[in-house]
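Let the sequences and hints guide you as you build the complete structure.
Line order of the protein sequences matches chains Y and S. So the first sequence is residues 1105 to 1693, counted in this note's numbering. So the second sequence is residues 1105 to 1693, counted in this note's numbering.
Which copy is meant is left open, because identical chains are indistinguishable; a pair holds if it fits in one copy or across any two.
List time: in silico PhoX-like cross-link candidates among lysine-lysine, alpha-carbon distance up to 25 Å:
#1 Lys1443 to Lys1329
#2 Lys1335 to Lys1296
#3 Lys1443 to Lys1335
#4 Lys1296 to Lys1247
#5 Lys1378 to Lys1329
#6 Lys1565 to Lys1482
#7 Lys1565 to Lys1335
#8 Lys1329 to Lys1296
Hints in this document: simulated from the structure, not taken from any laboratory.
2 protein chains.
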Amino acid sequence: MPDLIDRATLDFYLNDWLGLDELLVRPAFAEHSGESVAAMLDTADRLAQSHFLPHFKKADAQEPVHGPEGAQVIPEIRAAIAAYAGAGFAAAPFAPEIGGLGVPNLVHTAATAFFMAANVPTASYSMLTVGNAGLIAHFGTAKQVEIFVTPELEGRWTGTMCLSEPQAGSSLADITTRAVEDGEDELGPRYKLTGNKMWISGGDHDAAENIVHLVLAKIPGSDGKLIAGSKGISIFIVPKFLLDGSRNDVTLAGLNHKMGFRGTTNCLLNLGEKGGAVGWRVGEIGQGLPIMFQMMNEARIGVGLGATMMGYRGYRLALDYARVRPQGRAIGSRDVASKQLPIIEHADVKRMLLACKAYSEGALALILYCSKLVDDAKTALSEEARAEAEAVLGLLTPVAKTWPSEFALAANDIAIQVHGGYGYTRDFDVEQLYRDNRLNPIHEGTTGIQALDLLGRKIFKDGGRIFAQFGARVMAVIAAAPADFENEAVALRAAWGALGETLEALRGANGEAEMLANATNFLSAFGHVVVGFIWLSLVAKLPGDGDFAAGKKAAARFYFAFEMPKVAAWLAPVAARDRLTVTMRDEWF
Amino acid sequence: MPDLIDRATLDFYLNDWLGLDELLVRPAFAEHSGESVAAMLDTADRLAQSHFLPHFKKADAQEPVHGPEGAQVIPEIRAAIAAYAGAGFAAAPFAPEIGGLGVPNLVHTAATAFFMAANVPTASYSMLTVGNAGLIAHFGTAKQVEIFVTPELEGRWTGTMCLSEPQAGSSLADITTRAVEDGEDELGPRYKLTGNKMWISGGDHDAAENIVHLVLAKIPGSDGKLIAGSKGISIFIVPKFLLDGSRNDVTLAGLNHKMGFRGTTNCLLNLGEKGGAVGWRVGEIGQGLPIMFQMMNEARIGVGLGATMMGYRGYRLALDYARVRPQGRAIGSRDVASKQLPIIEHADVKRMLLACKAYSEGALALILYCSKLVDDAKTALSEEARAEAEAVLGLLTPVAKTWPSEFALAANDIAIQVHGGYGYTRDFDVEQLYRDNRLNPIHEGTTGIQALDLLGRKIFKDGGRIFAQFGARVMAVIAAAPADFENEAVALRAAWGALGETLEALRGANGEAEMLANATNFLSAFGHVVVGFIWLSLVAKLPGDGDFAAGKKAAARFYFAFEMPKVAAWLAPVAARDRLTVTMRDEWF
Chain Y
1105 MPDLIDRATL
1115 DFYLNDWLGL
1125 DELLVRPAFA
1135 EHSGESVAAM
1145 LDTADRLAQS
1155 HFLPHFKKAD
1165 AQEPVHGPEG
1175 AQVIPEIRAA
1185 IAAYAGAGFA
1195 AAPFAPEIGG
1205 LGVPNLVHTA
1215 ATAFFMAANV
1225 PTASYSMLTV
1235 GNAGLIAHFG
1245 TAKQVEIFVT
1255 PELEGRWTGT
1265 MCLSEPQAGS
1275 SLADITTRAV
1285 EDGEDELGPR
1295 YKLTGNKMWI
1305 SGGDHDAAEN
1315 IVHLVLAKIP
1325 GSDGKLIAGS
1335 KGISIFIVPK
1345 FLLDGSRNDV
1355 TLAGLNHKMG
1365 FRGTTNCLLN
1375 LGEKGGAVGW
1385 RVGEIGQGLP
1395 IMFQMMNEAR
1405 IGVGLGATMM
1415 GYRGYRLALD
1425 YARVRPQGRA
1435 IGSRDVASKQ
1445 LPIIEHADVK
1455 RMLLACKAYS
1465 EGALALILYC
1475 SKLVDDAKTA
1485 LSEEARAEAE
1495 AVLGLLTPVA
1505 KTWPSEFALA
1515 ANDIAIQVHG
1525 GYGYTRDFDV
1535 EQLYRDNRLN
1545 PIHEGTTGIQ
1555 ALDLLGRKIF
1565 KDGGRIFAQF
1575 GARVMAVIAA
1585 APADFENEAV
1595 ALRAAWGALG
1605 ETLEALRGAN
1615 GEAEMLANAT
1625 NFLSAFGHVV
1635 VGFIWLSLVA
1645 KLPGDGDFAA
1655 GKKAAARFYF
1665 AFEMPKVAAW
1675 LAPVAARDRL
1685 TVTMRDEWF
Chain S
1105 MPDLIDRATL
1115 DFYLNDWLGL
1125 DELLVRPAFA
1135 EHSGESVAAM
1145 LDTADRLAQS
1155 HFLPHFKKAD
1165 AQEPVHGPEG
1175 AQVIPEIRAA
1185 IAAYAGAGFA
1195 AAPFAPEIGG
1205 LGVPNLVHTA
1215 ATAFFMAANV
1225 PTASYSMLTV
1235 GNAGLIAHFG
1245 TAKQVEIFVT
1255 PELEGRWTGT
1265 MCLSEPQAGS
1275 SLADITTRAV
1285 EDGEDELGPR
1295 YKLTGNKMWI
1305 SGGDHDAAEN
1315 IVHLVLAKIP
1325 GSDGKLIAGS
1335 KGISIFIVPK
1345 FLLDGSRNDV
1355 TLAGLNHKMG
1365 FRGTTNCLLN
1375 LGEKGGAVGW
1385 RVGEIGQGLP
1395 IMFQMMNEAR
1405 IGVGLGATMM
1415 GYRGYRLALD
1425 YARVRPQGRA
1435 IGSRDVASKQ
1445 LPIIEHADVK
1455 RMLLACKAYS
1465 EGALALILYC
1475 SKLVDDAKTA
1485 LSEEARAEAE
1495 AVLGLLTPVA
1505 KTWPSEFALA
1515 ANDIAIQVHG
1525 GYGYTRDFDV
1535 EQLYRDNRLN
1545 PIHEGTTGIQ
1555 ALDLLGRKIF
1565 KDGGRIFAQF
1575 GARVMAVIAA
1585 APADFENEAV
1595 ALRAAWGALG
1605 ETLEALRGAN
1615 GEAEMLANAT
1625 NFLSAFGHVV
1635 VGFIWLSLVA
1645 KLPGDGDFAA
1655 GKKAAARFYF
1665 AFEMPKVAAW
1675 LAPVAARDRL
1685 TVTMRDEWF
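Okay, here's the thing in structure tokens:
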């Protein structure tokens, strides 16, 4: 079995490329050093191999069942959640004042990558918990933090985000879960919640002592009616068990049976079957969506990380297989009696592995780049640098979520192809990785939703200012490109120019609907350009010129030769303001 | 539930576009008429709905098991095989002299499409049987045909193709199954076979009385050694049960447990555990591969058809879902209290459905076009026309196999996305279709193998003659393009020109390995151009200008606006003779 992550690659990204040293000298991270980070990564690697990888397939084959007390998962998942938190990984990104370790987001992401490479569905419980705790830590009261966050960081409780409802998935404005006022106590304003929540990952299970739900709901007005639209939404803490140990009025109504990602329970939850689930409001009334979205950047990068590591794992497994599987001979060889070659010697297999490498290593670099932006937005030394990082992070978040969901999945598809028929059987992990990864373009905002966020909100509503800010970073990388990547630098400049020209053309569109009609194509093009920027940026920092550097250069060249030409193909109908997706009629299908 | 196939589309393809009337006046098809064909399609539709569709999901959930007597499948599969043959569909494409109905290949393919839309894994038993019977009917003796083909056409026996072995998948030259002479009887030269066959679809099951294996094996020379390479391969009929009802020495050694396509057993078979499986040679010694490959065109088109119908089914299910699922409001709408729209009203959903339509209806047209070429190669009225059809069929076969395997699968991927989270659950058929279809880029020659066939054998070894012959068809379609598709005609001409220029550039390559280094990219580009040709050809034959014609035009325009620009992207590294896939080294990964 291959290493979960090639450590030389990860160290190169963190140290040579992203300048971890410079990050660690900031006051917020003064407790940490290069050595402590390395030790943390070693621990993550070891625990991921001992507590996450071994049940990767078992958690798929023995999917969660709906028992009398709720959802039951295999016991290895409880042990994994405990091991992760026990070694401090749940607490790592939090402030020391609330029991955290104050680790940079970048380092926490790198550590988490090991767990994700081993087993995303199991790691998801912990990721959701960290996100949940992060929201409460940021917006909750001291008492809410003490009661709910502390056991989450200790690995005794897990957390969820309860957003969707059967009639409200992408359209959260249409949720109908009601929260009726029920007095106030030490945990804040108390409510009784009634409604149905759908697609809740980790919504029920028996792998922790309690589950802290963060629930979006609407507080009815004095007329008893819910406020239409997203302005009526508030957010509430609704634990599975109340503080006296009794069950809250939250019931598992059903488990979704998925194609993959089976280790993570996915639940339909009924709130208030017996009169109302007890919940405490976090933040102000009507601030549910803004609060949730403030956490959403990190959640979306988390999805991108999971997708990335599935693709990365598939790549590494395919690489191992290609090195040992003999099949066929060199093209043109007439020596039919000679030994068969390992398939890695065939050009088409090299093409597939280069694509996997370019996709999955590019995606990992992208995710780490965005994780560093999270740190910069909070701890960069100047106000201006923090604002710039925050803005660029917002622009890149739809890419960080979508690009790995599409292209690390493509790496999983290729990993099967490298294995041939074997890869299509459940005897090989690449089969499951392909099924697992197919969830990622759907949850936490579909690809289409991300595209509207990018083009509508992040670019047009902003007047293109952030786009230009990121453009300055692109130009800096082009200017710093190594001499042997001059052609690639020229190609990146051209691609960036094509994006700008496309935006110009769109500004002439007849209304918002036409402007956004081909937003997904724009996201595809923009995402590919961003990863081109990432690869060109990477090769400028390569240490030495050994095999390691040669491999990274080959992946970068492959990306520019085989992938970057797709940018023009995606942009063509956008730049032409093609109206087919607007004018097409139901009855014509 | 949607119709299995939109009959107006199928009738348009057969009658208006492919000129079924002209085909039916040929002497070989004199028994048939437009009415008898329509009745046959009606029957196929009805039987597919009654005997194939109902157990689509059950055959996935209850996958075959390895019982004491061999592989056991759900009983619905036996009933389906019997119903298909009972209505004459197994016999349909065969000559009346051997019990067939002499139906054109085009019509048989159209009828088969219904069964495939309903349930490809079950239909595959019958498809394999028709292919097996076709080989014996063409190359076998009269006695072999009487004994083995007759019960196959009656639906009592099924057939297989036993090519691969654990160490020899893509490289058939490396098979080691031995066939030792064992006298001769009324069925011809008899042999005892020993070896292991892998990935045998339908290799064992309890859904028929007997199984007729067609086995590739090598006859040892006088020194007892096998001849290296493919020249040593012969082909043998090896039945599961011998004519006296006793078991032949063919044992099920294992079932592969696949991601999807589970209704079709996939077997590891051991031949000769008890001294040797009895087999009779078909054709001459050493002619195993040429005989097999003469059947391969049709088998590969069959894979393309299966892939197509999975994608088509996914499209139709997604379309139905998009029409009834309310979610969100029009872009720019501020009326948050208004009813949610059916998602088909959103531009991005229309884009997804247009892509599904362009992919799956384009693939179906491609497959029918190739099926008509099969008829033309045999029954066109002039020698010259038959030779031209045979040549073009050879050129298009890698596309007919690969393009649907890639893009009808892409349609299945999109169908999940249209369903959102629901599409990822096993409650919806689109989830299974995506898993099932992933097999198609692998079996009957992987995409990489098809690419070498196209560029190496069909284009370069032929000196580009067939490529030019097909080019004449492309130019004829361009010349006949409707006035409102002038831009698309220009785009097709440019794309065809780009393919030709790329081939010119490749002729300057330094040796065969470099020439074929990016063959898969060339296949991707060529396939997309072929389907562009198909769509432009289709719109020239549209009847009237109602909704039907508007829909086909929109799909064609979508294809040219969103898909054809990808041709240049794929060709870029091929035309540049990019050498990365040759120069990349194992140690750089």
